[in-house]
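Student: Residues per chain, in single letters:
There are 2 protein chains.
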Amino acid sequence: MTTQDLVQQIRMKKSFLCIGLDTDLEKIPPHLLQEEDPIFEFNKAIIDATNHLCVAYKPNIAFYEAYGIKGWKSLQRTIDYLNERYPEQFTIADAKRGDIGNTSARYANAFFEDLNFDSITIAPYMGKDSVEPFLSFENKHTILLALTSNVGAFDFQTKKINGIELYKEVLRTSKTYKGAHNLMYVVGATKSEYLTEIREIIPNNFLLVPGVGAQGGSLEVVCEHGITPDIGLLVNSSRGIIYASTGTDFAKAAANKASDLQVQMQKELESRNLL
Amino acid sequence: MTTQDLVQQIRMKKSFLCIGLDTDLEKIPPHLLQEEDPIFEFNKAIIDATNHLCVAYKPNIAFYEAYGIKGWKSLQRTIDYLNERYPEQFTIADAKRGDIGNTSARYANAFFEDLNFDSITIAPYMGKDSVEPFLSFENKHTILLALTSNVGAFDFQTKKINGIELYKEVLRTSKTYKGAHNLMYVVGATKSEYLTEIREIIPNNFLLVPGVGAQGGSLEVVCEHGITPDIGLLVNSSRGIIYASTGTDFAKAAANKASDLQVQMQKELESRNLL
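Taken in sequence, the protein lines are chains A and B.
The numbering of the first sequence is our numbering, which starts it at 1 and goes up by one.
The numbering of the second sequence is our numbering, which starts it at 1 and goes up by one.
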């Protein structure tokens, strides 16, 4: 999917919501456990109920890997279902991979070609040759960790290198990588006060913003400091939406939560004349 | 496996060799492609031919993920085979994972419990709460990326934070994590001149050293600066061993290459009276 296609979807749906599919057998409604593939059935119901309210889905790969081969089958079925039924959705493999060049090329093949995701999250620690194999795919997007929303972010990401924080060094350095126009960045909403400075370094790139809601970030503040003329934001919510209910009404409850966020997003977009 | 068990194996075999299973269908002997599971058959033959010469095996997870569900089946069969037939081998899931706490806990379950690996490689960018879920498993080992052997290592790892390189900051900070006694570190052999300083920060932890051979590192220099009274080194070789031949003699050729390294390692150990 091109970035322009994504922007068009956002304008059409008046939403820049991404729904995280952190699907956990211990948290999904118990009545689904009798299905042959409860994870897929849960995801399918959530997707069918919410797709008109969001522009992206983000399966968290760890949750599928945790179930071994069965989990990978559920992941494969989920991404296949999205690509077949809702090809307009932007799909994110939340994998946080990153390795030496020939190994990163393998991960790129796995997620961009075999599974056919539109994008993948990548950790920057190993630098240029660990990121560039992902950037060489046109109309695929590499979402680099910059400033994450967890407490551990302060261990290294906010430490200063020659007076500039590591996460800013990641932004600045990655801009020089070959294929950098395919970069997006993870920036946690819990640190939205940093967004103004981030936008000085990367005025236009899309940001994937986790941490709104459950982790305490505010949508209004994120928009105030992070939005661009082409919106440039994907705000993710996972647990707050998909686990809204553990009853048979779980998909409807998820849609209600997603709708609440879509309404807020529409307000933010309209108040800035971005639609 | 406990660290002491690993040290005992090293002394018994006079080897601290780790063999990397970067198994690639395009590089394995063509006659194996007619097998139902060529990746597993290749790994099995390599393991059967080399296990007396090494103390660890390191499947590179990307190479398995690249083949989707089939690849995960091959990985599962490989680790099961190792655990059943050669339980004395230290097994490393070279996965370079790392995510927020609840997600890292998922990865820890996947690799330590379901697949039953002894250890996993982890990226440090997301800090404390992304690493500690792995450290909470006793007699399982978390191998944190410190200084990698690729060119991209110079993008961030060697940059200075308040006068100290990021990779040293990773060493220093991670020592304070809960369960830090379960930490090992990745340190590339191509930068063995840094080893003396690394040993000042972590005098005893095991180091997993890639980059000897194919990537240009010297075993002698690594030992000179990195070895400890309990050896404290696992030196990895992947392509240089497993792809020594593409003929029907591939396993024997791999054993010959592994033997060359074992002989060198024995010499290094004997010359330092470490056996």
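Do not rely on the hints blindly, as some may be mistaken.
[As the list claims (entries may be wrong)] Derived list of chain B stretches under chain A, where covered just means 3 residues or more per stretch with a C-beta under 8 Å from a C-beta of chain A: (1) 61–71; (2) 103–116; (3) 120–134; (4) 138–146; (5) 164–172.
In case anyone wonders, no lab produced these hints; they're calculated from the structure.
For each residue, glycine too, the CB sits at the ideal point set by N, CA and C.
Student: Next step is simple, just say for each hint if it's right about the structure.
Tutor: For each hint, the structure was consulted:
no.	hint	result
1	61–71	holds (count 7)
2	103–116	holds (count 8)
3	120–134	holds (count 9)
4	138–146	violated (count 1)
5	164–172	holds (count 3)
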